[in-house]
Structures are given as C-alpha cells and as structure tokens.
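Undergrad: Sequence:
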Amino acid sequence: MALALHSYLLDLDGTLVDSLADLAGAVNALRADLDLPPLDLTRVRAYVGDGARMLVTRALPPDLFSEEKLARFLALYRRRLLDHTRPYPGIETFLDAHAPQQLAVVTNKPLQLSLELLRGLGLARRFAVIIGGDSCAAKKPDPLPVLEALRRLGAEPRHSVMIGDHHTDLRAGQAARTATCFCAWGYGHDAGFSPDFRAELPDDLPRLFPGARA
Numbered sequence: 001m002a003l004a005l006h007s008y009l010l011d012l013d014g015t016l017v018d019s020l021a022d023l024a025g026a027v028n029a030l031r032a033d034l035d036l037p038p039l040d041l042t043r044v045r046a047y048v049g050d051g052a053r054m055l056v057t058r059a060l061p062p063d064l065f066s067e068e069k070l071a072r073f074l075a076l077y078r079r080r081l082l083d084h085t086r087p088y089p090g091i092e093t094f095l096d097a098h099a100p101q102q103l104a105v106v107t108n109k110p111l112q113l114s115l116e117l118l119r120g121l122g123l124a125r126r127f128a129v130i131i132g133g134d135s136c137a138a139k140k141p142d143p144l145p146v147l148e149a150l151r152r153l154g155a156e157p158r159h160s161v162m163i164g165d166h167h168t169d170l171r172a173g174q175a176a177r178t179a180t181c182f183c184a185w186g187y188g189h190d191a192g193f194s195p196d197f198r199a200e201l202p203d204d205l206p207r208l209f210p211g212a213r214a
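Using the working numbering, you'd call the opening residue of the sequence shown number 1 and step up by one each time.
Just so you know, the hints here were simulated from the structure itself, not pulled from any lab data.
Among these hints, one or two may not hold up.
Unchecked claim - Distance windows between CB atoms, simulated: (1) Gly120 to Thr93: 35 to 43 Å; (2) Arg119 to Met54: 34 to 42 Å; (3) Arg177 to Leu36: 41 to 49 Å; (4) Ala32 to Ala4: 22 to 30 Å; (5) Arg158 to Ala32: 47 to 55 Å; (6) Met54 to Ala99: 28 to 36 Å.
Claimed, not checked - Keeping only pairs whose Cα atoms sit at most 20 Å apart, straight-line, the calculated EDC-like set for lysine to aspartate or glutamate is: (7) Lys69 to Asp50; (8) Lys69 to Asp35; (9) Lys69 to Asp134; (10) Lys69 to Asp33.
Backbone N, C-alpha and C fix where the C-beta goes; we use that ideal spot for every residue, glycine too.
Turn these sequences into a full structure, and let the hints guide you.
TA: Below, the structure written as structure tokens:
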C-alpha cells in the first residue's frame with residue numbers, strides 16, 4: 001500500500017512491550033486476596049486490551065468488581081510494573097528509524113502507569129506524545145485518543161498509521177481516518193478487521209515503515 005506516512009501511533013501492551021507476566025502477577029495477587037485460584041497466562045492474555053477496569057472486571061467472578069478492587073489491582077501492578085516487562089525484540093530498531101516528533105503511544109493503560117513503565121524502560125524519550133486510557137473522555141476503540149495524539153503531534157490522519165495488536169487499535173485508527181497496522185505477535189486479535197498493514201513480528205515494522213530519522 002503506497003502511503004506517504006509521517007506519524008506513527010503505537011499501542012503499548014502487546015505491541016511495544018511484553019507486560020503479560022506482570023499483569024498476570026497483579027491479577028493473581030488480587031485474586032489471592034479474595035481467596036480465588038490463580039488464572040493462567042492464556043486466560044489473562046485474553047482479558048488484556050481494554051484498560052485496567054475491564055481487565056479487573058473480566059478477571060473476577062460476575063458482580064465482584066468494585067472501585068476498591070480496581071484500586072487494589074493498580075497498587076499491586078505498580079509494585080511489579082517492571083519485574084518482567086521488556087520491549088519486544090526488534091521494537092527499538094523501528095523506533096531508531098523515526099524521530100520522536102513522529103511517534104506517539106496511544107494506550108488504554110492508565111497514563112501514570114504508562115509513563116512509569118516507559119520511563120523505567122528508557123523509552124519515554126522516544127515519543128513526543130503519550131496518551132493513556134484516562135487522558136481523554138473515551139478509550140480505544142473510540143477514535144478520540146487517536147485524534148488527540150494527532151492533534152498534539154500536529155499530524156494529519158491521512159499521513160499517519162495506528163499500530164497495535166488488538167481490534168480496538170484498528171477500529172480507533174479507522175474511525176480517526178488513519179491507516180492501520182495489525183501486530184500479530186501481541187495479545188489481541190483483529191476480529192475480522194482488514195488492516196492496511198500486517199506485521200507478523202516486530203522485525204517487520206522497520207521493513208513496512210523504514211522512515212528516515214529527522
């Protein structure tokens with residue numbers, strides 16, 4: 001697909017970084033508090049992608065969710081935020097090819113946790129804009145976070161691409177009129193969505209979007 005792309009918006013969990021073990025650790029610590037058995041990684045993986053509130057809701061029995069339990073999960077997660085979480089191999093090669101002013105993170109993870117994670121991994125400086133799940137009035141798949149990232153970048157949708165591992169990323173990008181790229185290595189699925197690009201491995205991103213660092 002021949003597009004003049006200048007701005008790249010990336011999801012965080014399952015796209016930029018592999019955070020599954022730490023998310024699962026926090027989920028299972030919360031469940032242990034409630035005398036519930038642990039969930040395996042496959043189950044937790046299926047619950048990730050729509051923000052902390054939905055993760056906790058899905059990880060607990062019906063009607064057991066509360067704001068207190070969400071706060072407890074976030075505290076438990078913060079304690080282990082960087083225990084096992086690392087960038088996917090090949091991601092930094094892609095980031096190296098683009099100047100920070102071309103790059104944004106658009107995630108459903110709360111902003112403060114996103115900032116702490118990216119700073120802890122030395123990645124925050126790579127991005128001109130970081131949008132969290134609580135940065136706007138709506139989360140992905142609503143286009144609002146994508147549109148806000150574009151506004152802050154000073155970028156046009158037709159010259160931008162939303163890159164992520166979940167159909168929420170693709171739907172948000174499409175609704176914002178950006179190109180879309182599905183990352184098959186992540187936690188989510190495309191739910192039958194037809195993206196403009198498909199990356200099987202992180203090493204595919206530099207090939208798809210070679211760029212030239214400004």
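Undergrad: Confirm or reject each hint.
TA: Structure-based check of all given hints:
In this structure the supplied range 35 to 43 Å is violated for Gly120 paired with Thr93, their Cβ-Cβ distance being about 20 Å. Restraint check, Arg119 to Met54: a C-beta distance of roughly 25 Å breaks the suggested window 34 to 42 Å. Remark: the range hint 41 to 49 Å for Arg177 to Leu36 is upheld by a beta-carbon distance near 43 Å. For the pair Ala32 and Ala4, the supplied restraint of 22 to 30 Å is violated, since their beta-carbon distance comes to about 51 Å.
Roughly 49 Å separates the CB atoms of Arg158 and Ala32, a value that falls within the hinted 47 to 55 Å. At roughly 34 Å, the beta carbons of Met54 and Ala99 sit within the given window of 28 to 36 Å. For the hint pairing Lys69 with Asp50, the CA-to-CA distance comes to about 17 Å; that is within 20 Å, so the pair holds. A threshold of 20 Å between alpha carbons decides the hint, and for Lys69 with Asp35 the separation of about 13 Å falls inside it, so the pair holds.
Restraint check for Lys69 and Asp134: satisfied, since their Cα atoms lie roughly 18 Å apart, inside the 20 Å limit. This hinted pair checks out: Lys69 and Asp33 have alpha carbons roughly 10 Å apart, not beyond 20 Å.
Violation of the numbered hints given earlier is confined to hints 1, 2 and 4; the remaining hints are satisfied by the structure.
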